[in-house]
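What follows is each chain in one-letter form.
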Amino acid sequence: MSTRALPVAIALMLTVAACTPTASMSPTASPELSPSPTPAGELRQVRLLLGFRPDVQFAPFYLAQQDGYYADAGLEVTIEHAGGGELIRLVADGQAEFGVADATDVMIARTSGIPVTYVSSLFQSFPVALIGLPGSVPTDPAELAGMTIGTPGRFGSSWHALLALLDAGGLTEDDVTIREYPQFNQVEGFLAGDVELITGFRNNEPIRLAAEGPDYATNLLTIDEVAPLPGPGVVVGDELLAGDRSLVEAFASATAAAQAAVVLEPAAGLAAAAMAVPTLWEDMDTARSVLLATIDLWEGDGALPMGAIDPDLWESGFAIMRGLGFIDGSVAPDEMYWPAIRLD
Amino acid sequence: MTILRRLAFIALSAFAFLAAWKVIVLIGGYPEYILPAPDVVALRAVEAIRNGTLQPHLVATLEESVIGFAVGALVAVAAGILLAKSLTAERVLSPYLVAAQAIPILALAPLIDIWFGGGLTARVVICALIVFFPIAIATMVGIRSTDPLLVEMARAYGARPGQITRLLELPSALPVLFGGLRVGVTLAVIGAVVAEWAGASIGLGVLINIADQGLFDTPLMFVALASLAVLGLTFYGLVLVAERLLIPR
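First to last, the protein sequences are chains A and B. If you're matching positions, the first sequence starts at 1 in the working numbering and goes up one per residue. If you're matching positions, the second sequence starts at 345 in the working numbering and goes up one per residue.
Here chain A stands alone, though its shape is the one from the complex (with noise of 0.2 Å):
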């Protein structure tokens, strides 16, 4: 145990009937920061923190852990999952080297003084979309006035996406009605009848529901074209970064390159991802689905190599941001991103 856990692990004792701790405040040891020297043929080990749960869509990262992309970088990768608010402070704090973090909430954090820094992006397109039944879902922003949406919560890329969908058709969220799903179970309650429209990634709920039946194919109304908005991305704490970029761009470019395997192959993603997801043996075709749709988006259209990250994209979403009030724009967005795969 660290010098800096001992109190608090001392606290945690005194006040254990307290309440409940989150694994956020209770650190354990840090990683040294700075740049170690790696003995040749050791590879250094690091922590990468995914979304809340395993899936077909950390394809990539699976592919570089298990096919070799990371050893080849010279890095042993423990893959660990974790949510949005506990992901970015223990990457900024220094106990994970890398996540992966919505480039909306990185606009946040950053903003609100936690040092994290988006370094390689992942989609090209942005994969949120209001997602609802023909007939149901409007094309015009506008005609969102009056409908149930459904989503998990007032936070995150989903709830971002909504109030930009929203401000672009000239409504608020006053203008609609908001149900709060924060299990992420927007989609039962789509099933339940109780929403018309639910917040989702494209490439993923459209196609579960799909499976569910033919009465359940959706229609969607994206965001790329009326709020352009960066996409989830590669995240490091400012310490590492500094400290050692060689190491952030040798994780980047591992996986930007396993990323592309997975597109010229996506057979190989899906076993990498079945391999580390067991799960998905259940329903191998609308695994299939999800990460063929995910390739799209990951594709965009087509214009930046994968894990490049596009400047104009990060000046609109800052200033979509900044205009929806998560913002105040004292932080810059080029202070938010460092791209660590070059565009030369």
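I should point out that these hints are in silico values taken from the structure, not numbers from a laboratory. A hint or two may mislead.
Stated by the list, open to error - With beta-carbon atoms standing in for the labels, derived distance ranges:
(1) L577(B) / E315(A): 43 to 51 Å
(2) E239(A) / P519(B): 55 to 63 Å
(3) D174(A) / V384(B): 30 to 38 Å
(4) A71(A) / V390(B): 31 to 39 Å
(5) E76(A) / V384(B): 31 to 39 Å
(6) G146(A) / S438(B): 33 to 41 Å
(7) R322(A) / S438(B): 53 to 61 Å
(8) V226(A) / L356(B): 53 to 61 Å
(9) E212(A) / R510(B): 34 to 42 Å
(10) L220(A) / Y580(B): 48 to 56 Å
(11) T177(A) / V384(B): 30 to 38 Å
Just so it is clear, the structure is predicted and the values come from calculations on it, not from any experiment. Cβ coordinates follow ideal geometry from the N, Cα and C atoms, glycine included.
Following the hints, complete the assembly by docking chain B onto the known chain A.
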């Protein structure tokens, strides 16, 4: 111990807790986003009260936990009496009660929210479910601990079963029952938060989510946590007062 000395002791204990918290932050070198110091949380609380952020969430959780506790306690006392008086009822219902207690309500809460169509009803149900078990068991144990000789004597004087329960067994069960109520009332606050995490737009649980995942505002998250602690302490104190009033020493 006089009331003044008691208050002084409580104040001293609170001061020691806050001082220890501050020292931990200083020694550990924790950034604000990992563990904010108590003075930072206090300043954030003042700001949250001044700009009206905290109050609606506090009122919502207060409402849910009070109604959830009331509903859960009423049903639990009735169930506890039934379990105490009927061996058949105990044999049939006890396994379900214990099994229900073993199921993490956090997993079931999102479904309960959908089953009851969300809203206050769903949250009260979740809260009441959490409150139910300790109070029902305390009631059952309390009633069964009534002196059998007194029960026999009441019967000999011609008291009807309802009168025995109302005038003898329930008063006799009060010390144990209040033990269950003390546990239940603090669980009511947790129940309200669990219910809000299952589906709500307002409440301290929602504020925790917004502060934690939406704003990355750790001091505000601690303001919500401290508000929950204050709610729990207040409820516990009220049950203690009721206990002192109802059970003569």
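So, going through the hints one by one against the coordinates:
1. L577(B) / E315(A): 43 to 51 Å: holds, 49 Å
2. E239(A) / P519(B): 55 to 63 Å: holds, 57 Å
3. D174(A) / V384(B): 30 to 38 Å: holds, 32 Å
4. A71(A) / V390(B): 31 to 39 Å: With Cβ atoms ~52 Å apart, the hint is violated.
5. E76(A) / V384(B): 31 to 39 Å: For E76(A) and V384(B) the Cβ distance comes to about 38 Å; the hint holds.
6. G146(A) / S438(B): 33 to 41 Å: violated, 50 Å
7. R322(A) / S438(B): 53 to 61 Å: holds, 59 Å
8. V226(A) / L356(B): 53 to 61 Å: Once the Cβ atoms are compared, 59 Å apart, the range 53 to 61 Å for L356(B) and V226(A) holds.
9. E212(A) / R510(B): 34 to 42 Å: For E212(A) and R510(B) the Cβ distance comes to about 54 Å; the hint is violated.
10. L220(A) / Y580(B): 48 to 56 Å: Given about 50 Å between the Cβ atoms, the range holds.
11. T177(A) / V384(B): 30 to 38 Å: holds, 36 Å
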